[in-house]
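Keeping the supplied structure of chain A fixed, place chain B with the ligands upon it in accordance with the hints.
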Amino acid sequence: MPLIDVQDVHKVYGHRANLVTAVAGVSLQVLQGEFVGIMGPSGAGKTTLLNLMSTIDRPTSGQIFLNQKNVTYMKNAALAKFRREQLGFIFQDFNLLAALTVRENLVLPLTLAGYSVVAINQALQKIVGILGLNSLLNRYPDDISPGQKQRVACGRAIITQPHLLFADEPTGSLDSKAATELLRYLTIINAKAGTTVVMVTHDAFTASYCRRILFIKDGQLFAEIVRQGSRQSFFQQVIDMQATIGGGGRTNGASAPGF
Amino acid sequence: MVLLRLAFKNARQNFNRYFVYVFACALAITIYFAFNALALTPYLWHTLPDAEMIKNGLLSTNAFILIFIVAFMFYANLFFVQQQRREIALFNLLGVSRWRISGYFFLENLLLGLLSLILGLLLGILLAKLFALLLVKLIGASISVGLLFSGAAIGQTIGTFLLVYIFLALFDAGLIAHYPLAILFRQPVTDKVVPITFWRYLLGLLGLALLASAYGMAQFYTEILPHFKFLGAAAAIIVPLLILVFVLVGTFLFYRFSLLALLMQLRHWYRFSYRKIRLFTLANLSQRLHRHVNISWLVTILAAITLTVLGSITMIYTASYDGLNTDQPLALTVDRQLAPAVAQHLTKHQLTVQQKQPATFKVTGAQFKLDSLLGFHYGAFTGPLTVISQQDYQAARRLQPNLPAFRLNDQQVILLLRKLAYAGQTKRQQVVTLRLTATTVKQLKVKQVSAAFPYGANNYVNGTGLVVSDAVFQRLNANAQTHLMAFQFAGSHHSEQVSQQLIDRYQQHYHYFDPQKTGQPPKNLHTFQLSKVHRTTAAQHNLPMLQARYPATRWLRTLFGLDFYIIGFFSLIFIMATGSIIMLKQLAEASGKRQQYALLIKLGISQREINHTIYLQTGIAFLLPITLGVINAYFALHILNIWLNQLDLTFAYLLGAIYLAVYIVYWWLTAKIYCRMITPT
Ligand SMILES: Nc1ncnc2c1ncn2[C@@H]1O[C@H](COP(=O)(O)OP(=O)(O)O)[C@@H](O)[C@H]1O
Ligand SMILES: [Mg+2]
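Chains as they are written, first to last, in the working numbering: chain A, 1 to 259; chain B, 1 to 681.
If you're looking for bench data, these hints aren't it; they were derived computationally from the structure. All C-beta atoms in this analysis are idealised placements derived from N, C-alpha and C, irrespective of residue type, glycine included. Certain hints may be false.
Okay, the calculated bits of chain B under chain A, using three or more residues with CB under 8 Å as the criterion [claimed, not checked]:
(1) 43-54
(2) 275-284
(3) 487-500
With a straight-line cut-off of 25 Å between C-alpha atoms, the simulated DSS-like cross-links for lysine-lysine are [said to hold, decoys possible]:
(4) A:Lys81 with B:Lys593
(5) B:Lys602 with A:Lys75
(6) B:Lys362 with B:Lys442
Far from chain B by the CB rule (all over 10 Å, computed), these chain A residues [unchecked claim]:
(7) Met1
(8) His10
(9) Ala24
(10) Leu31
(11) Ser42
(12) Ser54
(13) Ile56
(14) Phe65
(15) Phe82
(16) Arg83
(17) Pro109
(18) Leu110
(19) Ser176
(20) Tyr185
(21) Met241
Bound-form chain B, shown alone:
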């Protein structure tokens, strides 16, 4: 078939141009397939309690990846057709019918698609084990990964992408068949000069103003928030949303107008521009960047989003971990009545308990008022809370060395607040008086507010507690009293499993504190074991009788390991796809610019200077959007940090560095090919 041969030949000839595209597609398909293979290999995860989470995480990410790949492919193809419209028009004039040309494009497309599919699949099959090992490592599971060969995943991937390619090819063919000849022959817009009008200047200024005010608002978020008090609590949502809109619109205006105006200003600044080939560089740069408005915007926003998501996940992870340290710092805390059975179970499973510590808690009603920094986190407190003696506090310090030391007299208490751990600091130093419902102790002064709970906040009613002197504790006629036994042992897969067994066995055992009336200080609290019938009752205040640390650490580790894994690979696809598009866009114009550079040589510019301006221009086209993306992400994380209060940006930095590294490779490759393309042979 002549058409097939022609299509094949052309695809081979244009391979240079298509190489980047095929490579990016193949890599995306590799990741898609590997995720599929991981999700569809049941033996891998069935020993893990969170198997469903992993499977669903991978599969739903794949849906996103697919959408992104398809968008990328359509964009690239639209671009290819535009690039070749002169050839199309010429063929058409020479008497080849539109449908034949379409058919030829259809075949070419299918060939390229098949090539990338085969490459991607082969790479995927080869690397699937590596993908699995990485995930296993990230979630910290102990699984031995054997050979990964999933027929279902292969079939699924082939089916999906064949369908995509056929759609794509049909889309292209249809596009070509319906292009009016006049449009095909029209001068490509790439050479058009964009004049700077007054309105464009104004919009350019607006873009800069929007970005500047968005950054300012983000940087001084806590300072400006009070000015939006009239919005009420919604201010905390509306202001960040406002900033987001400013950034989205501002970034677009920046690329569309501000850059042009800026470059034009530079050209008019003769002291700067009348040097060597700067005039040429500036003028070319404004044309080039103008062609890249949409893709630059997309790169900036996507880079900002992925970095922000990654950064905030790290924050949430750190915050969750800190939360766990506040809630359940010890391996096991159980009610005294369960302690013998639990100890027996631990011995049976050969778990060595490093330390054991009993403690007594009293529960009483209390009232106090406290203002936080942000004003809306905690105000007045009315309700039951847990009281512990200084003696037990000191004992807990042997298990929790991080608990701060202090001395108390009989009028003073340490107020323990769970909320403090994530809501930030309290408002400066304030004198807080506590009123208790107990008849023997009526009032106490808060010496200090702390989030460091002895035995963990999980054992405190309302996540609120008091440390009082031993004498006060003795005197206090509380509404209820519980006894607790803490077990400390090391975390391991084995201790995780044993802890989980204990949770499963005792999850029905609760202390139940019943207030008389909602909102009133509880008068007669009583404690009893919750029967199966009562489990669903929405008790006002209850505490499980057995709580364990390690199953929660495992869950956190799996969740965040999976998140990093997914975001990492998704970012890789995103960065490859956008990098390829920027590269293709730049190389597409190279052949058209050959004459220009030949002229510069004739005018007496050395090849080195020409290479230099090319590196500069391509460099800016690549690095500007990614840099702006990083800046945007920085400000987004700055705001999030105020809420979450746990900025650990190691991973975000790492991802940012990877973005930059990949783009630098693209830049280098593009500049090198570009230089070769414009150098006369």
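If we strip away everything but chain A, and leave its shape as in the complex, we get:
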């Protein structure tokens, strides 16, 4: 049984005069515990697809099932609850709340879900231990480095122990060292906690951490590759596929550090 089941989904933006088809008939499945990447050139519709899968946006046509539940027509309030309890998000620009301290940013999803103070503090200790955020708890997002920010965002995403973690270009604003560190954490979360991860990226190095990569172009599935050997060889495969698709894929992939 797939955890995510996308069936012939379309997404069209704009009004009659100028319609933009961002996603044009995509079908895909993601199984429990997978680490899936979505790649493609800029403007291919990656973010749109991710937003559709993560219930942030609604498809123009087609169906989406999450954990066998049809979320396509669910009411907003029910969707909000679903997101709160089942999903985690990481964004390129971190999306931390500047007015809140690191601690407050981390516990926010738990307070929203109505956990007790004791439970919240336990979960916080655990996450802080995993991500090494202890010294940052009372700082504000503006006072810490991008790498640290993304670790906080990651902590916020996984503190509720979601089934599904969506990440949109999570390494896009990070230097290579911070990026590697974050990807290591994501791998650990995927492997140890069994959290399913769906990650959008256009960076080959980042993508090489995935187990399976879907390539989309012009809103449609273009190709799919699955990692079999080492990450080094998988990285090479990704680069080749990007060359095949063409168009602005290798912006920071070439500068990837050694393995």
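Chain B with the ligands in isolation, oriented as in the chain A frame:
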């Protein structure tokens, strides 16, 4: 002209933002113009004796209004320029010269100004009659208001505001031309987090302590005043002044530090803050309120001042009215020699006298000692006073049903004190002995002290009198004796006019009581008619031979009607201006916060909860300052009430309710627009 078109287009696009500003300006201009039109339309008031007072009142208020509007406009414009500095910087980088951008702002400003001027004037011309009717009603005059169209007022208003707008536009343009590019590009301060340091906590505590002690001192004013005895009589000035300073500083510290510390404490109180989006609400609130420190302070203080002034005016009004009831409860009191002529005059003008009552007064020297509650109002009395018999007192009760009844024996007197009416109660029950200078009656015991004067305190020398038994009155060989005739008739515009005529005719007629030596009990008082030559002599004790009630009621009514009118409209301008500023400040940050709220949606917060937190945040930003203002006003009035002793807060409550209502409308509007602005399309 390209620049003009661009300015026009931008003004139209930003209309949402400018709407509130233009509306507030237009309304202020409407009021300004209407006041002008009322003051500069001579036919309206020329039948009233107090025309000058009305005219001057309106015109001098207009000067204040103008100052306030200009301050508001400058503040709003400073704000607009700050809001648009990114655009300015961008234009500048794209190669548009600073002076061109300035020119463009200049034009935009002028356009907005002209728009509000035209709107305000049109509204003013339409509503001028309504403004006049309201004033006529408030001062209780009988004037028919025709069409109000004053060319002078229109010209004056246009001239004034054109000048203001040109200055404003130049100011803006200059500001932009001299902004360093680096400052233009600097991160707007709005997103900065304000860290709470130890000193800020301390200052926050100090703010709370100042407010608390100010409120405490105000509440227990009479109790604490004796502790400041070492300051002497000045204590009555210094202590309220101290309270005022405490409130001013305390309020500022409260907004600047206490609120931040308080919100921070709440955030650290996990049992409270770890619920739903409270963390977010608290954090945002502290940022928001921190941006509003100055305007919140201003709103609080201005609200407190206007409410206090209004409240104290009501107090003074009630006190004055009570004073008039004490001084001149009857329509006319005249000396017996003038009575026939006066009666004739009344008949001639078809005034029906409902009641007539003669009375006899004796004047004698007296000495007594009396302590008041506050200690410094009256102490020892030495001087002449007026004596009336119980028989005449009883007769007066038919005209003044409110006079209390009592029985007296030959040793007892009722002491009548004018000061009692406004200085509050005497100190508990005290045995007071009176010594008289009369040889036949030397000593009397005060049975009761009262401020209820038969025939009115105006007819008593020194505003002090005695009611004695008929036998004592007979025996008393006084220094002087006068006979009085009281006329009672109903108040109306006609009786007001007739009374005024009588006053004008007989204002030179006085009883004149001449003491031998200042400070000594007067020995030989005599009475005579004051000739024109003597009028300016500063006689020690004199009483007019004719006194009337209704001209005084008219004057009081006009004065206070005018005051309410002026304060009412001034408050309206103040509340609109500050409400607009708070609204603009909040909406300005809305677009920048869109991402935050989008994030909350992604994290699984429903739109309803988000709207809820927005209503809460904007609500606090609006209602906190006005509430604190009301609280401050309450304590100020509490102190004033101790002095004036006549607390009638109906109008103050009404104005407070209007403030609240207007702010609630602003709140609702702001929250609604804010919600729309942050909702992703
Ligand atoms: N809210 C929107 N309104 C209109 N067009 C949009 C919107 N979001 C995305 N698009 C368009 O849809 C296409 C895909 O965008 P996106 O999914 O963001 O691409 P990617 O993330 O792959 O770079 C782009 O052409 C973009 O212009
Ligand atoms: Mg994208």
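Okay, the hints, checked on the actual structure:
no.	hint	verdict
1	43-54	violated (count 0)
2	275-284	holds (count 8)
3	487-500	violated (count 0)
4	A:Lys81 with B:Lys593	holds (23 Å)
5	B:Lys602 with A:Lys75	holds (15 Å)
6	B:Lys362 with B:Lys442	holds (15 Å)
7	Met1	holds (24 Å)
8	His10	holds (20 Å)
9	Ala24	holds (22 Å)
10	Leu31	holds (24 Å)
11	Ser42	holds (20 Å)
12	Ser54	violated (8 Å)
13	Ile56	violated (6 Å)
14	Phe65	holds (19 Å)
15	Phe82	violated (7 Å)
16	Arg83	violated (4 Å)
17	Pro109	violated (6 Å)
18	Leu110	violated (8 Å)
19	Ser176	holds (27 Å)
20	Tyr185	holds (20 Å)
21	Met241	holds (30 Å)
Hint check: violations occur at hints 1, 3, 12, 13, 15, 16, 17 and 18; the rest are consistent with the structure.
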